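Chains as they are written, first to last, in the working numbering: chain E, 1 to 116; chain B, 1 to 115.
If you are wondering where the hints come from, they were derived from the structure by calculation, not from laboratory data.
The reader is advised that the hints may include incorrect statements.
[As the list claims (entries may be wrong)] Think about it this way: if two alpha-carbon atoms lie no more than 25 angstroms apart in a straight line, the pair counts; the simulated SDA-like pairs of lysine to any residue are: (1) E:Lys-83 / E:Asn-51; (2) E:Lys-78 / E:Ile-20; (3) E:Lys-83 / E:Ser-103; (4) E:Lys-78 / E:His-29; (5) B:Lys-70 / E:Lys-78; (6) E:Lys-57 / B:Glu-10; (7) B:Lys-70 / B:Glu-15; (8) E:Lys-42 / B:Lys-16; (9) B:Lys-38 / E:Lys-83; (10) E:Lys-83 / B:Gly-43; (11) B:Lys-38 / E:Pro-70; (12) E:Lys-57 / E:Pro-70; (13) B:Lys-3 / E:Ile-38.
[What the hints assert, rightly or not] Covered stretches of chain E, as calculated for chain B (at least 3 residues, CB under 8 angstroms): (14) 12–24; (15) 106–115.
In this text the structure is predicted, and so the values were computed from the model without any measurement.
The C-beta atom is built at its ideal place from N, Cα and C for all residues, glycine as well.
Each chain is listed here by its residues.
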Amino acid sequence: EPEVTQTPSHQVTQMGQEVILRCVPISNHLYFYWYRQILGQKVEFLVSFYNNEISEKSEIFDDQFSVERPDGSNFTLKIRSTKLEDSAMYFCASSERQGPYNSPLHFGNGTRLTVT
Amino acid sequence: AQKVTQAQTEISVVEKEDVTLDCVYETRDTTYYLFWYKQPPSGELVFLIRRNSFDEQNEISGRYSWNFQKSTSSFNFTITASQVVDSAVYFCALSGLNTGNQFYFGTGTSLTVIP
């Protein structure tokens, strides 16, 4: 079964550094998402992306964050200057059609980001 | 406002026991979807089921069953004859027609099945 793949599985970075989290969505999916989960807490929406632009973003997704689909397969999340509170598990997801109400989100295995 | 409440933080059961995970939701949307995801210790989120607000039929899939009741805004999940491999955190999630692409997750219920 096709799956969403994320790399790396674990990233350690120093505060203030830039990080790029990478995702390869399922190939025929058109809608892409990033969610994050601070340890022991619930999964929170960050951003959705369609047709090469952000379609929605949450208040968490401030100017430090950006997303990009640099080619036909990758979908990246960049954090420009990491803070301690950015430490979390970041999940990439994709869906075939618009909105979770039309098709379920398929999540990757996540990237655990640790900011020291 | 969209909100999902999973009041059970942690549950422990002995293998082969049945266990029900509770989920209560709030939404102003008349059209919405409810989901359950499983997060095993390895960390990934595994899709289990999606129900829409117009379909209150309960569903059974193997050892899993779901009870959707709009009258009580609940979407409970039962595992029959639990197994050690069922040990995971289970998340209930909601998406409304007017919430665009966002999922609203509950805080999760950590299930431990003791052999």
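Could you grab the alpha-carbon distance between Lys-70 (chain B) and Lys-78 (chain E) and see if it respects the 25 angstroms cut-off? violated, 40 angstroms
Please verify whether Lys-78 (chain E) and Ile-20 (chain E) have alpha carbons no more than 25 angstroms apart. This hinted pair holds, its Cα atoms lying about 4 angstroms apart.
Within 25 angstroms, alpha carbon to alpha carbon, are Lys-3 (chain B) and Ile-38 (chain E)? Given that 25 angstroms is the threshold and the Cα spacing comes to 18 angstroms, the pair holds.
Between Lys-38 (chain B) and Lys-83 (chain E), is the straight-line Cα distance small enough, at 25 angstroms or below? violated, 29 angstroms
Does the alpha-carbon distance linking Lys-70 (chain B) and Glu-15 (chain B) stay inside the 25 angstroms limit? violated, 31 angstroms
Hinted pair Lys-57 (chain E) and Glu-10 (chain B), Cα distance within 25 angstroms: Since the Cα atoms of Lys-57 (chain E) and Glu-10 (chain B) sit roughly 31 angstroms apart, the hinted pair is violated (cutoff 25 angstroms).
How about the region 12–24 of chain E: do at least three of its residues have a C-beta closer than 8 angstroms to a C-beta of chain B? violated (count 0)
Under the criterion that the straight-line Cα-Cα distance not exceed 25 angstroms, is the pair Lys-83 (chain E), Ser-103 (chain E) satisfied? violated, 34 angstroms
Given the hinted pair Lys-38 (chain B) and Pro-70 (chain E), is their alpha-carbon gap at most 25 angstroms? Outside the cut-off at roughly 31 angstroms; violated.
Hey, Lys-42 (chain E) versus Lys-16 (chain B), does the alpha-carbon distance stay inside 25 angstroms? Violated: Lys-42 (chain E) and Lys-16 (chain B) sit about 28 angstroms apart, past 25 angstroms.
Between Lys-83 (chain E) and Gly-43 (chain B), does the CA-CA distance stay at or below 25 angstroms? Roughly 22 angstroms separates the two Cα atoms, so the pair holds.
Given the proposed pairing of Lys-83 (chain E) with Asn-51 (chain E), does the C-alpha separation stay at or below 25 angstroms? violated, 30 angstroms
Violated hints, in rising order: 1, 3, 5, 6, 7, 8, 9, 11, 14; the structure is consistent with all others.
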